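2 protein chains.
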Amino acid sequence: MSTPQSAYRTVDAEGVRAYVAKLPHLAARLGGNPADWTIREVSDGNLNMVFLAHGPNGGLCLKQALPHVRVDPSWKMPLDRTFFEASYLREVFNYVPDLTTECLHFDPEQFILIVESLAGYTVLRTALMNGTAPEQSAAHVGLFVARSTFHTSLFAYSFEKIMDQRILFARNQTLTRITVDLVLTDPYIPHPRNHWAETELTAIVADIRSNQTMKTRVDELRLKFLSNPQALLHGDLHTGSVMATQSDTRVIDGEFATYGPIGFDIGLFMANLFLSLAAQETIEKTSLQIRMIEKFWISFESEFLKLWMTTSKNPDPSTHYYEEDSSSKNSSANKKKFIQTIFQDALGYCATEIIRRIIGYAHVADFSALKDHNKIADRKKTVLLFAKNLLIHRNSAKSLEDVFEIFFQNIIPFKENNL
Amino acid sequence: MSTPQSAYRTVDAEGVRAYVAKLPHLAARLGGNPADWTIREVSDGNLNMVFLAHGPNGGLCLKQALPHVRVDPSWKMPLDRTFFEASYLREVFNYVPDLTTECLHFDPEQFILIVESLAGYTVLRTALMNGTAPEQSAAHVGLFVARSTFHTSLFAYSFEKIMDQRILFARNQTLTRITVDLVLTDPYIPHPRNHWAETELTAIVADIRSNQTMKTRVDELRLKFLSNPQALLHGDLHTGSVMATQSDTRVIDGEFATYGPIGFDIGLFMANLFLSLAAQETIEKTSLQIRMIEKFWISFESEFLKLWMTTSKNPDPSTHYYEEDSSSKNSSANKKKFIQTIFQDALGYCATEIIRRIIGYAHVADFSALKDHNKIADRKKTVLLFAKNLLIHRNSAKSLEDVFEIFFQNIIPFKENNL
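Residue numbers (the UniProt record's numbering), protein chains in the order written: chain L, 1 to 419; chain V, 1 to 419.
No distinction is drawn between identical chains; accordingly, a pair holds when it is met within one copy or between any pair of copies.
With a cut-off of at most 27 Å between alpha-carbon atoms, the simulated DSSO-like pairs for lysine-lysine come out as follows: (1) Lys-337 <-> Lys-306; (2) Lys-161 <-> Lys-76; (3) Lys-335 <-> Lys-295; (4) Lys-306 <-> Lys-224; (5) Lys-398 <-> Lys-285; (6) Lys-337 <-> Lys-295; (7) Lys-224 <-> Lys-398; (8) Lys-335 <-> Lys-161.
Just so you know, these hints were derived from the structure itself, not from any lab.
Fair warning: this is a prediction, and the values are worked out from it, not measured in the lab.
Input sequences plus hints: build the corresponding full structure.
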């Protein structure tokens with residue numbers, strides 16, 4: 001989309017000031033004199049430039065795609081990902097207005113997206129590392145996934161509308177390629193993008209790569225990711241894509257948006273809570289992260305079922321799935337069975353997300369809170385073994401209790417004598 | 001795509017003559033003087049006008065979309081279906097040049113598609129009714145499905161190419177709507193498009209519609225049809241979409257082309273062979289149709305596996321699915337397991353195709369060969385009960401032998417005393 005002749009220019013803080021000043025409805029949101037606005041660069045993700053602008057009346061967040069990966073300028077990347085983030089926001093904002101940010105402006109030439117500023121919110125991953133994460137935020141993310149996926153699925157609308165959306169998001173191939181490679185392919189083969197500092201992990205990696213069942217499971221998950229467009233996914237729903245206060249939660253960074261299996265969004269978020277759990281000094285069955293995983297799933301499950309049971313019936317009978325006779329004692333039994341398949345998918349994607357965050361290209365910050373090298377290595381071994389066993393046994397894990405049991409079975413007692 | 005201002009005009013036989021005369025490379029295929037060409041209208045399907053043109057050098061087949069269903073002018077329909085048929089031919093001709101017809105010309109304004117004429121070929125359904133169907137044609141159709149689906153699947157190419165194709169065919173919504181409604185929705189609810197002359201069937205229809213397991217199975221199949229784009233499907237692969245001589249077989253009429261589960265194409269073709277079988281005066285375990293179903297599936301299964309095992313390895317490792325260690329004794333075991341899931345899907349779609357051809361909108365001609373009303377009713381009961389039991393038991397039907405057993409269990413002995 002960008003050519004050498006295009007008008008695209010990377011903006012800096014002063015560029016942001018000038019850019020917003022020319023947009024009256026956005027300048028009014030900041031208020032006062034543009035010269036007095038505070039503009040801060042807060043780029044945090046791997047891909048884009050992000051600025052926060054504040055004035056006397058309020059704040060804005062401006063995001064601009066770079067023609068390369070922000071943290072690796074040699075990795076070239078088309079600019080259109082911001083278009084897909086804007087498209088995702090415009091679609092899901094209809095269903096989750098209080099759980100994400102509104103798209104206030106999208107510039108298809110500069111690939112600039114402007115949303116409301118989330119000043120006062122903390123990145124959930126940071127809050128988890130600080131021990132200040134609001135437990136309720138996980139339930140909010142569960143609502144976000146339930147509403148954003150249900151309303152973009154064949155259960156809510158005739159297939160024509162869903163296919164039109166799929167057509168749009170099937171063009172988001174650059175970022176889908178990142179997911180396919182970094183999450184679902186590279187960690188299972190020798191690849192220069194993989195890395196891990198802890199030599200203690202190397203034997204487990206070799207074991208994972210040589211395990212035929214593991215390879216088959218990962219193939220199933222990659223194939224399903226690419227050929228089961230159940231709903232519009234966020235596509236990168238880790239704890240760094242969630243901003244929270246004690247009472248309010250917003251999901252951001254939807255540039256990986258793609259149609260895919262609903263369990264993918266669920267699995268990624270679960271995985272990042274498990275990674276946070278593994279990075280705690282002490283791990284208990286009552287740890288905050290355990291409670292958050294439970295709240296997240298229960299919230300998703302009950303909201304998705306509620307929407308399915310109560311959304312006013314579409315006049316198109318082909319949209320009626322898994323209905324029961326009204327005389328049936330359990331009129332939601334078939335719908336619950338379908339939701340259980342989402343749970344199974346989620347466990348698989350949870351495992352692949354954990355594995356790629358430990359041995360793949362993009363790791364998570366959580367473990368840096370543990371200072372002792374041996375403890376870090378032990379905990380990474382724990383989650384890696386957990387992920388491996390979860391993947392192999394996911395069909396027999398029927399509930400979160402089963403999943404937690406697998407997790408705790410893989411905890412390696414911290415060897416104090418190693419200190 | 002067509003507006004009152006557009007240049008679109010329905011052509012008649014003389015219009016075909018004038019149209020082809022203006023296209024030098026096609027006129028040369030016919031040869032001689034346009035005034036001497038023989039032009040015949042041979043419209044046979046429900047949707048389009050079809051003409052055969054012959055001259056001293058050869059023949060052409062011209063197909064034009066009408067702005068309505070050919071057999072029901074009150075049923076309005078956009079013209080672009082011919083575009084999708086042309087697009088389908090252009091894609092699959094690369095892989096099955098000797099099993100379909102080449103797209104020689106497509107006119108996006110007149111929605112005219114021209115392919116080589118298949119003079120001397122017989123519609124397979126007609127040949128089956130005449131008892132002259134070449135057994136080998138079923139094996140050819142098996143090759144057609146294997147090659148056209150494998151090479152348009154994620155097993156053959158990186159997902160970007162597959163997603164681009166999905167984007168194109170996801171626009172074929174008018175004909176996909178026909179499949180969703182006529183094949184996968186209407187027969188299971190009271191709908192004015194459904195009809196059957198044999199009052200003996202009414203009780204079975206009521207039974208099918210009130211059976212909760214049936215309804216759930218049909219929902220699964222409809223959901224899978226719309227959300228599992230494994231490969232580019234023909235989408236309407238009944239025995240009227242196949243033209244055959246004793247040695248050669250061509251699949252035609254790909255206007256329903258859509259990305260979907262491979263089992264859909266397989267199930268439709270199987271279903272139409274079962275319908276033909278049920279319409280024979282005498283039915284035996286060695287009947288031609290039984291042998292053709294076996295040849296069809298074995299041909300598909302072995303060709304698909306062969307392509308998967310031998311196609312030169314794509315350099316993109318994300319396209320490598322279900323591989324085994326080369327040291328493994330059975331290096332194709334996982335691929336065979338995947339193909340078995342196609343078989344299970346096929347049985348489901350086979351059942352829904354049979355049901356809709358007996359009680360839905362568009363019936364099949366096969367039964368008209370049976371003259372006795374009671375026999376027709378008995379045989380329709382047979383296939384309807386077979387389809388019902390196949391749908392309910394498809395997960396336990398592991399092979400065609402199991403399927404044939406269900407079929408023969410449902411044969412109703414012909415009551416001679418009814419004559």
